[in-house]
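Join the two chains into one complex using the hints; note that each chain is given alone, in its own frame.
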Amino acid sequence: MSDHVDGPRSIGDPAADITDLFAFVSPANPARTVLAMDVFPSAGEDAMFSNIIDYAIAVRRVSVAGVGNAAKFQPEDDEIRFSCRFETLKRDTAGKAIQCGVCQLPDGRELLLTVNEEKGTSTSEGDVRVFAGLRSDPFYLAWDIGILKKLPNLLQHTNVLSIVVEFDTRRVLDLAKGSLFGAVAETVPPQKRGLLGPAISRIDWVGRPEQTNMRLNNPAMSEINDLRDLWNQQTPFAVSKVLQPLFLQRLKDSHATWDMLDGKPDWTPEAIAATANVFLDDFLLFDVAKPIDDRSHLEIEKSTLSGHPYQTGGGRTVDANSIDILLTWLVNKDREFLLGGSTGATKPGMKVFPYFATPNTELQTVAESVELAAAPDDVWSLIGQFGGAWHPLTARIEMTGAGIGQLRTILTIDGRRIVERLEAIDDAKRFFRYTNIAGMAVSHYTGTLEVRPKGSGCVVDWRAQFLAANNTDRAMKVMLSTLFKTGLDSLKPRFGVAR
Amino acid sequence: MTAFAEPDRAAPSATDGEIAAINLESARRGAWARFAQDPLLPGVAEAIVDTERLVLQNLGDPAAIDRLDALASQFAREDESLRAPLVQAEVASTAHRFADARGHLARAAQMGAPRAAIERQALAIDQACGVKPDAVLAARRVFVRASGRLEDLVPLGALLADLERFTEADAVYRQAFSAYDDVSPFPLAWTCFQLGMLWGELVPMPDPDVAAFWYRRAVAYLPSYVKARVHLAEIYASQGRTADAEALLLPALSSGDPEVRWRLADVLIAQGRSDEAEKQLDAARSGFDQLLERHLLAFADHAAEFYAGSGNDCRRALELARTNVANRPTRRAIKQAHAIAELAGEAVSESDPREAPSVAISA
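So the protein lines, in turn, are chains A and B. In this text, residue positions in the first sequence follow my numbering: the first is 1, and each later residue adds one. In this text, residue positions in the second sequence follow my numbering: the first is 1, and each later residue adds one.
FYI, nobody ran anything at the bench for these hints, they're computed from the structure. These figures come from a predicted structure and were not determined experimentally. There is no bait here: all hints are sound.
Some chain B residues close to chain A (C-beta under 8 Å, calculated; not the full set):
1) THR15
2) ILE22
3) ALA31
4) ASP181
5) SER184
Where is the CB? At the ideal position from N, CA and C, for every residue including glycine.
Extracted from the complex, chain B is given alone in its bound form (with noise of 0.2 Å):
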């Protein structure tokens, strides 16, 4: 994939994204390779969780999901020390099964599992569930405190995204940006990204062009990051630079999200080129419903989103939205939720309007 722009003079530096992607896999097929040999090698199942959440994030593999179950599963058989439920609560984590993440912790805490590597799990599933926000918070700017690094900073940073505190979220991650001294591309363009988001969907009055800095930053420094690509195109399409944005998903096809086709179904309609988009949409209809299949938990809030939109299905938006409420009942997952059922209730209301679903969510 080919960086749009170059990070700038003032940004950190890091190792080129092309060479990083490389080595990421690199190191993620050194890993597997060496649990095959031996699955107790001390350290080897957590740096394979570390690089398959890499990936996940980074690059956009949803099967990095299922190859993290094959691990869990694997691991827990050969492995009976209190190594298994940590790295079991990792891997159910990454995938959204929280409730099964605590049992796991739960468990490593019976065995004697070191509270710090409790206590770390236990606040980001608390956060991604948006529970007992006062804790997390204090506990988020502890930490902060002790490091002052980056991985401390873009958590707080979220976290304070998450509260509505948009301008010390800013801060927050300005401060992860600044205070970097690695040479790795992916926290920074993690951090890039963040602020992308905050700017671009979570503010009261989104600013598209300065979310649009931030995703071009991410994507510079990490030309595969589909994420930020996907989240770019989609300002360029608003803008209506659809070439820009088809430019911007086309590398990103390869990576198996099917967002990446859903948004560029979207561009290609707006070129009016409806027979290519609606291949586009099945294929992402059919990617999103494989994910599901799997990971029901780990992609509702995406395809709720699809289903919502091109996808036109609200009454499964809704009922994916409702999954995610009942998971994780963040206020964004509550507004995503409230947004879906007072569509789907339009939607049905036009055809029928004794199906007309109700709007109250439950959390």
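The following block holds chain A by itself, in its conformation from the complex (with noise of 0.2 Å):
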């Protein structure tokens, strides 16, 4: 997916593991440029920056060199920098982790960060502003891909660690020379000299989304060597001449079976094998002087390619659909668009800096348990009706409907109705799932209840999972467990405590 978990290396530290990189033009202000990188997937709300790693964004200055199936985008030498470093964690007075930071401007100029400061930081003049710290990830991916079946959203209410640069565009990239640049972003290490050999150039980088994950290590073809690691070491804009051809072999193979993956062939050999070569050239290519949208993503490599000249920036934008466009290419090269089973991520991006969503909540557990003397199914024949009153908080339960999808709504002895929805139910195994509809302070709520054996006795599980809503996280915790333990120990006098 995208770049996430691309590699055994990027794997080991999730801060150094980047996921994707953006550019556009900031919809607040058409004069300005926004670069993008995210790391750590699925990180949680407490999620830091590596205090080692060189968090930078590289943007270098693009010509097309070739058009057709001779398709090339040659970059220069020189190389626009943004590069950000944090600090080991201060506490604030009530015991708050902090993280501080610095960014080094391409002009080496510094610009220092506090993490999660939702308005970032600018420079004296307002050329520069960058933001660090967790936000909603704006990826989504909702296919099992190796066999085009849709699904929902598979990173939904998934955050990121975000860093967002924010310049003028005129003063930055001198657009005098040209305005089309190749962006990447990559996460390097201490290039100190270890023991037994030189330091690692880098833990991850990425250009355009998906070049390892989809093309370097495609799912769909078994006991392929694993050439992410190789790929995350190679110098972006050069990568090695002599490793070049296994990449372009296996960007080749790769893209080859995409193809197929419909069963109709699109792509003519010549085609896979001139597109492989732009792949090779990583980069993501956006060009300033025209326009960028959620839909412009890849145009420019497809135009050229195809002859054109091409009418987009290209570029990223935060919600291009930028997995169906790529697979839509792929797959039918853009004969039928491949929309997957979520048309957006969890949260749309924003329109002002720092344009990537606020982060997602948590999603919070409470799990409790008990022992008891006495065989599973005779406990599971009291709790295991969707619709039995056996908790001593419920005063009557009303049911509407049968199977899967019948509600219950419960009368507590307090007066509260709620009302929940069996989705699951397997009486050879003992549990049911079922998921919360009205009545209390929660979204996204689910309840499994299981009896499971345990020695010559069984063990009771009441979990949920839930947002909270109205109310705190720790509130609705409270209440749940004591809910849940109320319960549970109620089953204690009926069938005795296991020993």
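Below you can see the structure in the form of structure tokens.
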């Protein structure tokens, strides 16, 4: 998925694992360009940047050096580089962890940062503004791409750590020399020679999305060697000439496999070879003199390969459906758009700085259990009825419907009405799963009740995951935990406690 | 927790241990949240296993095993693919339920799991149980030749240490340490801890100063490394540095590992603070009892050591040591059982010689 978890090395420290790179013109101010990199797949709310990694976004001016099957984008040697470093943690007076950092700008100026400061930090001239902190993951993947089966967004409710750099386009990019650029992001560890050899050049880098996880490590190609760490050790804009044939062959083989995923060949071998050549130069192309919108991603590459002048600024916006744009192109060469099972990420991007949506609240979990001195089936016969009124806080239960999807309305002894829906039940395995429809200050509530054998008795597990609404996480957890414990404790006198 | 020493300049750099621990917890919770949304999401159950094992190993949180058991149970219910038995095998193996783990692996093999995945896990189980040492050693060397990575070198070092080839083990651990080129502090702290164990407990003539050096480095990489703190505190206490030992243990109390309270009690006794020590001992005893009730095999060896020492119940210690040997008849487990059997024989014979248990241990 995009560049998330793209190789054993980047998995070692998630804060060094780049998930995505973006390049677009600010929707709030067309005179400003935004570059952003995300790291740490599925970051929790306390996630922090590594204090020894150099988080960098590098941009080079690019020229079109060939079209059609000879398509080629040639980067210049000069690099415009934004480089962020972070410190170890400090504590505020309340003991909360604070992380500060510094962003070195292309002209050598330094901008001090505080992680998660919503407004970011600007230079005194206001030409550059930088944000670093937790945001909702803007990437979405809603496919089982190996078999082209639509799924809900696999990254729903996840967060990432974002670094967003917004700058005055003319001041930083010098458009007199051209407006087409290539961008990469990289995570660079300390360049200290180890005892057994030189330090690795980088943990991870990314240009276009899915270079590693889809094009170099195609899930449909079984038994292939994992080239992702080797790729991640390449120098951006200068992939080893010795290794280029290896990567090129993999890109061609992979593309041919994607082409046949729907059973229909849409690509000629020559076109596949030309596209692989373009992908081998892995940088995110964007032209700041042309419009960049949610649909312009990869248009520069596609038009150039087709022998036409490109019309848009390419790039990649926060809300670009990059996976479906890429998948459609690889599988059917834009014959028919392949729309996955989701039309957007958990939250859409924002039109103003820092452009990436606020982080998602973490799902909370409550789990309680009791060990009983009774056969699992005996206990299940009582509590395994979705409409069973065995809980001491229940006054009455009203049922609507039957089977999966049936609703139970619980009338509690203190007068509340809670409506829950049966989602799954398995009497053989003695469990059911349900969701809350109404009556509790929660959303995304899923509960499970299960009876498992243990020794000569059994264990009853009752769990729930939820997002608190109109209440604190802690308050909801205490309330649910008390509810579960009260119910489970009521089983002890009836069935006996396991010793 | 505060680091007592910074890694020296020759040591590999790593992300600050406090940040890494926060990010581990962050990744762990993130993986659980994704699992809650859809237990079948690719790679998520496996990611939970990885993060919970790190939490157990490095942060000393024994509740990680409870969470892993819940994961295995829930995942097996939802997933009908070969992923479920592979996850169940990992979880059973983590809880030292090796017979169960082998059963899950056999089922995974029947369902067509890749040979490499089965063999890796089976090898780890064989090593943990001390069986087929020559075959395990050959396989470990093959892995090391293929990757040269720390993740393969440290298990080879541990095996060599089990086989009492201490000089080779030391060299392999140091090679692992030097070969490391990532930035996570967990593998480095783990390697330092293994070197501390090697020199502090496994070699015939332990060298507490060398062991302390490596434990200190482990704590410097990862201040919340509970086991390293406990072992370093033991060394300090044996050298009369009880204040340093106490300072190491106090921040680790919140981990939930009863061994912290046990060692703290020993330190308090050495300081003449017997009332406080008694409270800590009671808490340690209660902690071990609760863990043994839920995960007998996972904690049998540590609990045996506790009851043979400050826990003051040699019969229980011997029973646990025998349970451990029956589960994993390694040289170390057998040695421990023999030592406890001798101790138990002495302890019981002092009160009533007719109750002296047999020293013989059947593996």
